[in-house]
Amino acid sequence: MKNTLRQVFHSSKFVAGFVIFVAIILMMIIYPLFNPGNPLEQIGVGTFAKPGTYVSLYDAARTKTDTLRLPDAADNRIAAALTDEDRVAMVEWFTLMGADISDLDTADTDAMIELWHETYDPTARPKGMTNAKINYYKRLNNAIMDLGAADTITIAEYNDEGVLEESKTILDTDYVNTKNVANVKTLPLGTDNFGRDVLKELVSATGTSIRIGLIAGIVATVIGLTFGLLAGYVGGWLDDIIMFITNIFTVIPSFVLLILITYSLGQEQRGAAVVATVIGFTSWTWTARSVRSQVISLRNRDHVNLSKLSGHSLVRIVVMDILPYIASYVVMAFILQVSSGILAEAQLSLLGLGPKTTQVPTLGLMMNWAMLYSAHTNGSWWAYFPVILIITLISFSLNLMNTGLDQVFNPTLRD
Amino acid sequence: MGKVMLEVRNLKTKYVTRFHEDVYAVDGVSFKIEEGKSLGIAGESGCGKSTLALSMMGYYFPPLHYMSGDIIIDGKNISGLDPDEVRKTILGTEIAYIPQAAMNALNPTQKIIRFIEDVVRAHQPKKDKKEIRAMAEQRFAELGLQPGTLDKHAVELSGGMKQRTVIAVSTILNPKVLIADEPSSALDVTSQKMVIKMMRELMEKGYIKSMLFITHELPLLYNVTDDIMVMYAGQIVEKGTAKEMVFDPVHPYSHGLMGSILVPEEGTRGQKLGAIPGAPPNLKKPPNGCRFAERCKYATADCRYTSIPEKPFGDGRMYRCLKGVDELKEVYSGE
Amino acid sequence: MSEMEKARAQTDFSDKPLCLSGRGVTKVFGFGDKKTVAVDHVDFDFHEGEFVSIVGESGSGKTTLSKMLLGLSNQTEGEILFQGKPRDIGTGRKKREYWKGIQAIFQDPFSSFNTFQKVDAVLLDCINMRGGKHLSKQEKTDMMTEACNFVNLKFAELTNKYPFELSGGQMQRLMIARIFLLKPKILLADEPTSMVDACSRATILDMLLNLRDETGMTVIFITHDIGLAYYISDTVYIMEHGKFVEFGKADEVILEPKAAYTKRLISDVPKIHEEWDLSTVDLKQDA
Numbered sequence: 001m002k003n004t005l006r007q008v009f010h011s012s013k014f015v016a017g018f019v020i021f022v023a024i025i026l027m028m029i030i031y032p033l034f035n036p037g038n039p040l041e042q043i044g045v046g047t048f049a050k051p052g053t054y055v056s057l058y059d060a061a062r063t064k065t066d067t068l069r070l071p072d073a074a075d076n077r078i079a080a081a082l083t084d085e086d087r088v089a090m091v092e093w094f095t096l097m098g099a100d101i102s103d104l105d106t107a108d109t110d111a112m113i114e115l116w117h118e119t120y121d122p123t124a125r126p127k128g129m130t131n132a133k134i135n136y137y138k139r140l141n142n143a144i145m146d147l148g149a150a151d152t153i154t155i156a157e158y159n160d161e162g163v164l165e166e167s168k169t170i171l172d173t174d175y176v177n178t179k180n181v182a183n184v185k186t187l188p189l190g191t192d193n194f195g196r197d198v199l200k201e202l203v204s205a206t207g208t209s210i211r212i213g214l215i216a217g218i219v220a221t222v223i224g225l226t227f228g229l230l231a232g233y234v235g236g237w238l239d240d241i242i243m244f245i246t247n248i249f250t251v252i253p254s255f256v257l258l259i260l261i262t263y264s265l266g267q268e269q270r271g272a273a274v275v276a277t278v279i280g281f282t283s284w285t286w287t288a289r290s291v292r293s294q295v296i297s298l299r300n301r302d303h304v305n306l307s308k309l310s311g312h313s314l315v316r317i318v319v320m321d322i323l324p325y326i327a328s329y330v331v332m333a334f335i336l337q338v339s340s341g342i343l344a345e346a347q348l349s350l351l352g353l354g355p356k357t358t359q360v361p362t363l364g365l366m367m368n369w370a371m372l373y374s375a376h377t378n379g380s381w382w383a384y385f386p387v388i389l390i391i392t393l394i395s396f397s398l399n400l401m402n403t404g405l406d407q408v409f410n411p412t413l414r415d
Numbered sequence: 001m002g003k004v005m006l007e008v009r010n011l012k013t014k015y016v017t018r019f020h021e022d023v024y025a026v027d028g029v030s031f032k033i034e035e036g037k038s039l040g041i042a043g044e045s046g047c048g049k050s051t052l053a054l055s056m057m058g059y060y061f062p063p064l065h066y067m068s069g070d071i072i073i074d075g076k077n078i079s080g081l082d083p084d085e086v087r088k089t090i091l092g093t094e095i096a097y098i099p100q101a102a103m104n105a106l107n108p109t110q111k112i113i114r115f116i117e118d119v120v121r122a123h124q125p126k127k128d129k130k131e132i133r134a135m136a137e138q139r140f141a142e143l144g145l146q147p148g149t150l151d152k153h154a155v156e157l158s159g160g161m162k163q164r165t166v167i168a169v170s171t172i173l174n175p176k177v178l179i180a181d182e183p184s185s186a187l188d189v190t191s192q193k194m195v196i197k198m199m200r201e202l203m204e205k206g207y208i209k210s211m212l213f214i215t216h217e218l219p220l221l222y223n224v225t226d227d228i229m230v231m232y233a234g235q236i237v238e239k240g241t242a243k244e245m246v247f248d249p250v251h252p253y254s255h256g257l258m259g260s261i262l263v264p265e266e267g268t269r270g271q272k273l274g275a276i277p278g279a280p281p282n283l284k285k286p287p288n289g290c291r292f293a294e295r296c297k298y299a300t301a302d303c304r305y306t307s308i309p310e311k312p313f314g315d316g317r318m319y320r321c322l323k324g325v326d327e328l329k330e331v332y333s334g335e
Numbered sequence: 001m002s003e004m005e006k007a008r009a010q011t012d013f014s015d016k017p018l019c020l021s022g023r024g025v026t027k028v029f030g031f032g033d034k035k036t037v038a039v040d041h042v043d044f045d046f047h048e049g050e051f052v053s054i055v056g057e058s059g060s061g062k063t064t065l066s067k068m069l070l071g072l073s074n075q076t077e078g079e080i081l082f083q084g085k086p087r088d089i090g091t092g093r094k095k096r097e098y099w100k101g102i103q104a105i106f107q108d109p110f111s112s113f114n115t116f117q118k119v120d121a122v123l124l125d126c127i128n129m130r131g132g133k134h135l136s137k138q139e140k141t142d143m144m145t146e147a148c149n150f151v152n153l154k155f156a157e158l159t160n161k162y163p164f165e166l167s168g169g170q171m172q173r174l175m176i177a178r179i180f181l182l183k184p185k186i187l188l189a190d191e192p193t194s195m196v197d198a199c200s201r202a203t204i205l206d207m208l209l210n211l212r213d214e215t216g217m218t219v220i221f222i223t224h225d226i227g228l229a230y231y232i233s234d235t236v237y238i239m240e241h242g243k244f245v246e247f248g249k250a251d252e253v254i255l256e257p258k259a260a261y262t263k264r265l266i267s268d269v270p271k272i273h274e275e276w277d278l279s280t281v282d283l284k285q286d287a
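Chains as they are written, first to last, in my numbering: chain A, 1 to 415; chain B, 1 to 335; chain C, 1 to 287.
None of these hints come from the bench; they were simulated from the model. Quick reminder that beta carbons are idealized off the backbone N, C-alpha and C, glycines included. There may be inaccurate statements among the hints.
Examples of chain C residues toward chain A, derived with CB under 10 Å [stated by the list, open to error]:
#1 I80
#2 L81
#3 F82
#4 Q83
#5 G84
#6 T91
#7 K95
#8 D108
#9 P109
#10 S111
#11 F113
#12 D125
#13 M129
Can you build the whole structure from these sequences, using the hints too?
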């Protein structure tokens, strides 16, 4: 036993898979300690806030300021105001107006603004341009005119009599230290379509998905193992009946069966555990078949015959003399079942047949939400890409562990 | 004295386990086989006799590693050659190797003639199919095998027939030395006799010059080979002619081994079998002294700590024991 | 003739009570065209305390016969009598009762042990099976030590060891220790020495003979090695293609064989005092 473990941890593949998997599990455990709370809480209004650090403007305005004179502050401000999109639109306008843009550098903000002042005509109605586009250029012009227009921002508050009264003036050289601002929120993966913190949701979803995979794996392995052991060891008519059932389950595509069962259950009945059980219930055939074939070859081993001669009962022979021999094999099958259970849940949820959406997030549900709200077309990569990455990593690590175990336990693959 | 066909000088090889431990499976083995002679190696399972066969062919694929010593085939030293090189230039033309399960090496879906084409083309790529077939038919006829076998598939042949076919195929290029590692142990006595008969024909007709025969069955070895070496824990403990070894063994281990021979001949029922208690030493850490000392009933304290060299005696015989030949014989006769 | 040989040659078992006998025992595999008759209407009488060898080449049906004798498979036809009465192993309970009287040692020591059970567990199991569950720990240990001493193993060194840590010969000896504890009426040994080396083989054969002498059990020894059968047995049955072609006292069968098959078998085995005649071998034949 000790030697087997030593061999298992000698396999670089198993160790790599194990390290990745343990890292994911640790993240699942540790992250909520630092960032507790309901992962489904909608903290944002509106969809898909970008990843980054959010500073409360309200608090910042009331925070003590320091003065910093930074030489490139003005330029940065102008550059930040003109997005890449705006620059493309400006170049489009220049072309329509017939300006010479042969040696224009779009990154050179000063040159762009100078040319804009020269060419922009609010009354111009270029042919074929929609009103919306014309209005867009008007807004763009206003924004450009505002750049550098005022050196200060004045904050006014209503006093007791309901009259606005100047309370503070913010200069362009005023800075606040984020440490002094009462509310700063870092969202490493932004928010999703409902305004939830994606990272928090992802950590919770990973946990749920692994649990679903484990339940599905346990259900599939228990059913498959029981059927395989009985069919293989007892044989005869019991073998015929079990193999008949197994063959029926094998020829029906299990995913279709899965869809039909989950659909007939209805949205309200589908908790994570129910979905996991259903997944397990449709994927045991593979385990059953392979356990059966292993048991048939073990059944005629001399130690089983001797155990029979010693008068041991069927249950004892199966548990003591057969199960230990196929244990490594069953563990490997179980790992694969967990991996495929996680993937099956993702597939189901993507189709909208996953667990109830109000209780817990799962990796599949996150993908489903991202897809429904077109995260993939509007460039909100943070809503789906980390989910795909985690699913890939989990099933990659589980499969690596499985291959590693196979190398240890399957003598034909040993190098 | 005939020409030396195969000479092994102080050969040492080791296995490296999965946990990077060294197992010294062949530890300083030397012997010669002359032209027209056959040599047998006897010993219990795990004594290194099969490893010695692989080592002698230069077949060093992990976990087997070459350490030191020389292997000289017909004057050509092949030690230190790259194992792939050995496979291309030595196997089949210089040495042929027949393992116990050789018959299972035949792909059951191919005709026998295809294997012969493979073997011949590996060394003589220019030969065309007609020439090879003519060559094979002639060889099969001379060995008394039915030429019809050439167009059969391996599944159609019985175990003994398959084994004989493999031997015929692997000696088609007239290798100088044939190494047979338990070639007949998996067969019935009748098939075994046929395999041996064929190997003898190969020798008599000069297709192979000399033969090395490895088996744990001593009566078989006695009937097949001219000389016998007894191997124990990676070393040769005694060497002599077949007759001397069976009827007059000197080393306590050979004595025990020969005393355990069982044949259906009068007198066997009353004999006392030479049982040796215990198990061979662990070759990861071979003992400093005599390797057999732990199990030897004649061992003294000296045996456990003195390293014992090969001691020549009689007419070209050798043994590896601290005690003198006469002393040992006296002990045996007193029993 | 040595004393040992005399003692063993003189024993006559024909007047001893019958232990296991068979009348027209047949085993057929498959149906119709694919029917194979593995054991073909064999009759046999094994007496109490007799050491019987069944000799045959591979495919002669000796292993099939042994499975039937052990009650691990049922005969297609014929009757097996246990201690003079027809054997009834219809139910699990009756089978278990029968197995108290017959035990086996198999060919491959490496597959005869459950590799996940320690040596002591194997032996303890035997004591429990013989109704020794209530015994004190010390009594059990004494019994196990005695059994190990019988086969020249040191029990103290074996505790906490797994069978695969022993050599093949030691494992087979442990098997004999198991039989020593179980003390069945009949021991069926199916080629117990074919996978161990010559020196261990001698030890095991001696132990089997001692076991028979000490407990008076019937030993049915199945082997392909006719020299070994001659050395060890009182009675030899020669089996060819599912039939017994010859049987009788070891001396008669081996030294003066009557059946052509026995003669061929004996002439094909290499010997050390007689010339092994290879001249009659016809390589054209496919045996």
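Margin query: Let's test the interface hint: is any C-beta of chain A closer than 10 Å to that of L81 (chain C)?
Written below: Status violated, d = 20 Å.
Notebook entry, point to check: If you take the shortest Cβ to Cβ gap from F82 (chain C) to chain A, is it below 10 Å?
Noted result: Violated, about 15 Å.
Next item on the list: Let me know if the C-beta of F113 (chain C) comes in closer than 10 Å to any C-beta of chain A, holds or violated.
Entry: holds (6 Å)
Notebook entry, point to check: Can M129 (chain C) be said to touch chain A, with a Cβ gap under 10 Å?
Noted result: holds (6 Å)
Checklist line | Hint check, D125 (chain C) versus chain A [nearest Cβ-Cβ separation less than 10 Å] | finding: holds (6 Å)
Note to self: Just to be careful: measuring from the Cβ of D108 (chain C) to every Cβ in chain A, is the smallest value less than 10 Å?
What the structure shows: OK, holds: D108 (chain C) within 10 Å of chain A, min 6 Å.
Check: Should the hint that P109 (chain C) touches chain A count as held when the rule is a Cβ pair under 10 Å?
Finding: holds (9 Å)
Check: Can the hint on Q83 (chain C) be confirmed by a CB-to-CB distance to chain A that is less than 10 Å?
Finding: Interface hint status for Q83 (chain C): violated (18 Å vs cutoff 10 Å).
Check: Measuring from the C-beta of S111 (chain C) to each C-beta in chain A, is the shortest one below 10 Å?
Finding: holds (5 Å)
Note to self: Does the closest beta carbon of chain A sit nearer than 10 Å to the beta carbon of T91 (chain C)?
What the structure shows: violated (13 Å)
Note to self: Checking hints one by one. Is I80 (chain C) an interface residue toward chain A, by the C-beta closer than 10 Å rule?
What the structure shows: It is violated, given that the least Cβ distance between I80 (chain C) and chain A is near 16 Å, above 10 Å.
Next item on the list: Using Cβ atoms only, decide whether K95 (chain C) comes closer than 10 Å to chain A, and label the hint accordingly.
Entry: holds (8 Å)
Going through the hint list in order, the structure does not satisfy hints 1, 2, 3, 4, 5 and 6.
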